[in-house]
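All chains should be modelled from the sequences, with the hints used to inform the complete structure.
Residue numbers (the UniProt record's numbering), protein chains in the order written: chain A, 1 to 482; chain B, 1 to 482.
For the record, the hints were derived by calculation from the structure and aren't laboratory data.
Here the structure is a predicted model, which means the values were calculated and not measured.
Please note: incorrect hints may appear among the correct ones.
Given that identical chains are not distinguished, each listed pair holds provided it fits within a single copy or across any two copies.
No farther apart than 30 Å at their CA atoms in a straight line, the calculated lysine-lysine pairs in the DSS-like style are these [stated by the list, open to error]:
#	residue 1	residue 2
1	LYS98	LYS400
2	LYS251	LYS98
3	LYS480	LYS39
4	LYS412	LYS275
5	LYS26	LYS313
6	LYS173	LYS106
Protein chains: 2
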Amino acid sequence: MMEKENRKLSKSSHLPLYQQVVVYIKNKIISGEWPIGSKLPTQREFAKLFGVNRSTVVTALEELKAEGLIEGKMGASTKVVNNTWTLLANTAPPDWNKFVKTGFYKPNQSIVQEINKAESDLNIIQLGKGELSSELFSVENLHTVMHRCINRIDSLGYEVPKGLLPLRQELSKYLSTIGITCSPDSILIVSGALQALQLISVGLLRQGSTILLEEPSYLYSLHIFQSAGMKFSSLSVDNQGLIPSDIATKKQRNQSIIYTIPSFHNPTGIVMSEKRRKDLLQVCEKENLPIIEDDVYRELWIDTAPPLPLKAKDRHGQVLYIGSFSKTLSPGLRVGWLVGPEPVINRLADIKMQIDYGSSSLSQWAVAEWLSSGLYAQHLRAVRGNLTIRLHTMLEALEKYLQGIATWNIPKGGFFIWVKILPAIPMQKLFETALDEGVLFYPGSIYSSACTQYLRLSYSYASLSDIKQGIYRISQIVKKLM
Amino acid sequence: MMEKENRKLSKSSHLPLYQQVVVYIKNKIISGEWPIGSKLPTQREFAKLFGVNRSTVVTALEELKAEGLIEGKMGASTKVVNNTWTLLANTAPPDWNKFVKTGFYKPNQSIVQEINKAESDLNIIQLGKGELSSELFSVENLHTVMHRCINRIDSLGYEVPKGLLPLRQELSKYLSTIGITCSPDSILIVSGALQALQLISVGLLRQGSTILLEEPSYLYSLHIFQSAGMKFSSLSVDNQGLIPSDIATKKQRNQSIIYTIPSFHNPTGIVMSEKRRKDLLQVCEKENLPIIEDDVYRELWIDTAPPLPLKAKDRHGQVLYIGSFSKTLSPGLRVGWLVGPEPVINRLADIKMQIDYGSSSLSQWAVAEWLSSGLYAQHLRAVRGNLTIRLHTMLEALEKYLQGIATWNIPKGGFFIWVKILPAIPMQKLFETALDEGVLFYPGSIYSSACTQYLRLSYSYASLSDIKQGIYRISQIVKKLM
Ligand SMILES: Cc1ncc(COP(=O)(O)O)c(C=O)c1O
Ligand SMILES: Cc1ncc(COP(=O)(O)O)c(C=O)c1O
Numbered sequence: 001m002m003e004k005e006n007r008k009l010s011k012s013s014h015l016p017l018y019q020q021v022v023v024y025i026k027n028k029i030i031s032g033e034w035p036i037g038s039k040l041p042t043q044r045e046f047a048k049l050f051g052v053n054r055s056t057v058v059t060a061l062e063e064l065k066a067e068g069l070i071e072g073k074m075g076a077s078t079k080v081v082n083n084t085w086t087l088l089a090n091t092a093p094p095d096w097n098k099f100v101k102t103g104f105y106k107p108n109q110s111i112v113q114e115i116n117k118a119e120s121d122l123n124i125i126q127l128g129k130g131e132l133s134s135e136l137f138s139v140e141n142l143h144t145v146m147h148r149c150i151n152r153i154d155s156l157g158y159e160v161p162k163g164l165l166p167l168r169q170e171l172s173k174y175l176s177t178i179g180i181t182c183s184p185d186s187i188l189i190v191s192g193a194l195q196a197l198q199l200i201s202v203g204l205l206r207q208g209s210t211i212l213l214e215e216p217s218y219l220y221s222l223h224i225f226q227s228a229g230m231k232f233s234s235l236s237v238d239n240q241g242l243i244p245s246d247i248a249t250k251k252q253r254n255q256s257i258i259y260t261i262p263s264f265h266n267p268t269g270i271v272m273s274e275k276r277r278k279d280l281l282q283v284c285e286k287e288n289l290p291i292i293e294d295d296v297y298r299e300l301w302i303d304t305a306p307p308l309p310l311k312a313k314d315r316h317g318q319v320l321y322i323g324s325f326s327k328t329l330s331p332g333l334r335v336g337w338l339v340g341p342e343p344v345i346n347r348l349a350d351i352k353m354q355i356d357y358g359s360s361s362l363s364q365w366a367v368a369e370w371l372s373s374g375l376y377a378q379h380l381r382a383v384r385g386n387l388t389i390r391l392h393t394m395l396e397a398l399e400k401y402l403q404g405i406a407t408w409n410i411p412k413g414g415f416f417i418w419v420k421i422l423p424a425i426p427m428q429k430l431f432e433t434a435l436d437e438g439v440l441f442y443p444g445s446i447y448s449s450a451c452t453q454y455l456r457l458s459y460s461y462a463s464l465s466d467i468k469q470g471i472y473r474i475s476q477i478v479k480k481l482m
Numbered sequence: 001m002m003e004k005e006n007r008k009l010s011k012s013s014h015l016p017l018y019q020q021v022v023v024y025i026k027n028k029i030i031s032g033e034w035p036i037g038s039k040l041p042t043q044r045e046f047a048k049l050f051g052v053n054r055s056t057v058v059t060a061l062e063e064l065k066a067e068g069l070i071e072g073k074m075g076a077s078t079k080v081v082n083n084t085w086t087l088l089a090n091t092a093p094p095d096w097n098k099f100v101k102t103g104f105y106k107p108n109q110s111i112v113q114e115i116n117k118a119e120s121d122l123n124i125i126q127l128g129k130g131e132l133s134s135e136l137f138s139v140e141n142l143h144t145v146m147h148r149c150i151n152r153i154d155s156l157g158y159e160v161p162k163g164l165l166p167l168r169q170e171l172s173k174y175l176s177t178i179g180i181t182c183s184p185d186s187i188l189i190v191s192g193a194l195q196a197l198q199l200i201s202v203g204l205l206r207q208g209s210t211i212l213l214e215e216p217s218y219l220y221s222l223h224i225f226q227s228a229g230m231k232f233s234s235l236s237v238d239n240q241g242l243i244p245s246d247i248a249t250k251k252q253r254n255q256s257i258i259y260t261i262p263s264f265h266n267p268t269g270i271v272m273s274e275k276r277r278k279d280l281l282q283v284c285e286k287e288n289l290p291i292i293e294d295d296v297y298r299e300l301w302i303d304t305a306p307p308l309p310l311k312a313k314d315r316h317g318q319v320l321y322i323g324s325f326s327k328t329l330s331p332g333l334r335v336g337w338l339v340g341p342e343p344v345i346n347r348l349a350d351i352k353m354q355i356d357y358g359s360s361s362l363s364q365w366a367v368a369e370w371l372s373s374g375l376y377a378q379h380l381r382a383v384r385g386n387l388t389i390r391l392h393t394m395l396e397a398l399e400k401y402l403q404g405i406a407t408w409n410i411p412k413g414g415f416f417i418w419v420k421i422l423p424a425i426p427m428q429k430l431f432e433t434a435l436d437e438g439v440l441f442y443p444g445s446i447y448s449s450a451c452t453q454y455l456r457l458s459y460s461y462a463s464l465s466d467i468k469q470g471i472y473r474i475s476q477i478v479k480k481l482m
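Here it is, written out as structure tokens:
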């Protein structure tokens, strides 16, 4: 219920500690921040939050109970039942819980919510995050880029629907280097690749549409398409990528579309071969199936670049191509792009205007400058070198500690190693114990219900020593659970 | 279909002009940017785009027709029917038009799309834009702010779900100055106020819910709630704001919620009186109705600040409070906020993570710095002074040119004057003629089907001379149409 910022109580206050807890909770209730019906944190969470004993918390809760503000068994199910106003006025406030439960969107999987929280905990070794380490972020470059672009900014007004023109022009140039011919008119700037998927789901597909995709896939960890009433249908995959011969049988009578991550697949790391790309396009042309190509990891190769995008060989405007600066530069910029046939881009630009009136101009200017100054290309080279070292460190640690009890692929790029734990141990337990012992990874079950024996380890974020330490700790837990 | 960037042809090329047009269109078709089935721009649009005669365009289109690439009567209905690949391969590409038509979201009203386009035309006098003039944007302040905040940034990673903590802390302080007590935990950073509405529509309300609201209202110009399957029910309004006695009868058996813009209403400019605010809260408490308070214009007062927000008197967590930096600082930052009970904020933060993984960190840092440095407060003072001058200029022009043929309110803040044209002239015609003659305003019909005789004039954006000139031209057209 609350975020994990520490709220330390004052030892020197004239109020005893438990009274400070009472005051804190009362303020939350009186201000309406914790309205009637809301669940209180557990005693354990309170104790951690304030850095006090559980007994102090119990005393505080007893007092609030006596005042008639909260009710319920101590522990998980304590709820706010009154606030000082309702005690006075005897009226009932809106039942927000009912609202919270009825919205159109499903909540994130609870394990994803738990991960979201643990990811901001500095004491945890982060082997989950799909994000570059901050050591790869150059504050100096940010300075240079901002300094240069501010001179081009005369105001930060509402942008044209497709996004900042100088950025789309730079992107059009960049895309030609990977074989994609498109004018700025066919590019839509989005707030990250995720928003591109969101726009496609509400702007192009109807309820009951079918998404054909690799399994496991990043897309299984999201709700975007399911929330919009669509179904998933999995395609077989081998080490060359998805197997196109499967498609004809899987395609549904209703609207269907393919989603694929051909380069450095999340979570498996697989790169779709040149030949497969050709075959896939051919089958889709024949079957009249559009393709969403999610290519956010393309530039993060170790030794050689992956084959050109599907979009580069797309002769009919069959492919919607998605890219992002999140993985290569900084996710906090929230800048990605979508390339497609102009009528499709126009439609999605119109919807983006309805949803958020465009992405941050400041971010768009910054990225445009990063591209035009050449600093982006330079940064990519540094990132590739650094990721190579990280990957090797993780591979060494895996060999040293998990040899014989796990298998894994050797990725040619991207951020992740997809690890299969061989002994049949309870993986939920592994996840929880590791988290308790300060190591966070993503369980494979997020990406496919068939992948419970897998974990996704990221080598992009943690320090080299944390990578080693993290894998060591995981190996110890696995051995204990065997 | 295309954006209005100019593509000048080369007079010195060895290719004749019409051939250059052919090549341009062919490239669009071959690259898949204009897939089969897409509508070509009209001859007139092409001519304008390339700066050539219509006869040149006609010759080019005839050639493409002869090659079998396009078909249809010349003019509006010319379509792409083949591309060089399909001519060769005889396969059919995906029918994107079908996709474009089937998405979940409705397209923007065509008049809104037309306005969106005209707003980036520098030759038009902009009396529509709800946005500060760029003369009020201080590049110097942007420099200062960016310089200071870059020193606090060590990387731009994915943000915590509710948004950058230093920004939420600054907002919590700011909000206390307008009577709202809330901790950073009860604040969600959003990509503009529009996104707050979007999140509420998909995160809290179910299909078939009813939104009670003022009519006319900004909300009528959007599709967010209707796209999510909700209904509108209008409440009566007088010059004190909406009339709460109406609510009990309008409330539906299904889920209902109130949407209101109590301070400097868009488009009417009305400020809800202190007494009305109290009554409204009381009725909503009794009826158990939650309220969305859209307060984006609050700080833009002329002589005196409006009464405290409804949220300031909210004792039960009944009110969701929405604010934004779009109107006061810069819309291109895309930073707004939502304040509400913590469980509601948690739920909406989770959905925001599903939709776009948070707002631009760069923008969030910039705004946090604007607040903490005091530059924001200073900027607001300058803005108020400037808006006062603009308002008076517009009022003078109205008196000079529209006296007797129109009536209007005298706003106490915000950006808009709500003008009623007295003679029964065809307003669509007024809008179109004005646009042809280089003046853009928003027709009242966008905000209510009952307000066809109204126009919304914005004094925030155009220069003082453009304001006078624009109103003069409107008056001339009105007189002609009488
Ligand atoms: C395959 C894939 N697509 C899209 C995204 C979303 O990235 P962005 O930050 O650009 O929204 C991710 C990141 O998690 C990803 O792994
Ligand atoms: C009443 C009202 N609410 C919300 C908005 C959206 O503003 P933002 O740019 O913060 O999304 C506007 C702007 O048009 C508005 O007039």
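These are the hints, each one checked on the structure:
1. Neither within a single protomer nor between protomers do LYS98 and LYS400 lie at most 30 Å apart by alpha-carbon distance, with minima of 52 Å and 55 Å respectively.
2. When the C-alpha separation of LYS251 and LYS98 is checked against a cutoff of 30 Å, the pair qualifies only between copies, where the shortest distance is 17 Å, while the shortest distance within a copy is 38 Å.
3. Taking the closest pair of Cα atoms, LYS480 and LYS39 never come within 30 Å of each other, the shortest separation being 36 Å inside a single copy and 65 Å across copies.
4. For the homomeric pair LYS412 and LYS275, the shortest alpha-carbon distance inside one copy (18 Å) is at most 30 Å, but the shortest distance between copies (68 Å) is not.
5. Within a single copy, LYS26 and LYS313 get their C-alpha atoms only as close as 63 Å, which misses the 30 Å cut-off; across copies the closest is 17 Å, which meets it.
6. For the identical chains of this complex, LYS173 and LYS106 are neighbours neither inside a copy (39 Å) nor across copies (33 Å), given an alpha-carbon limit of 30 Å.
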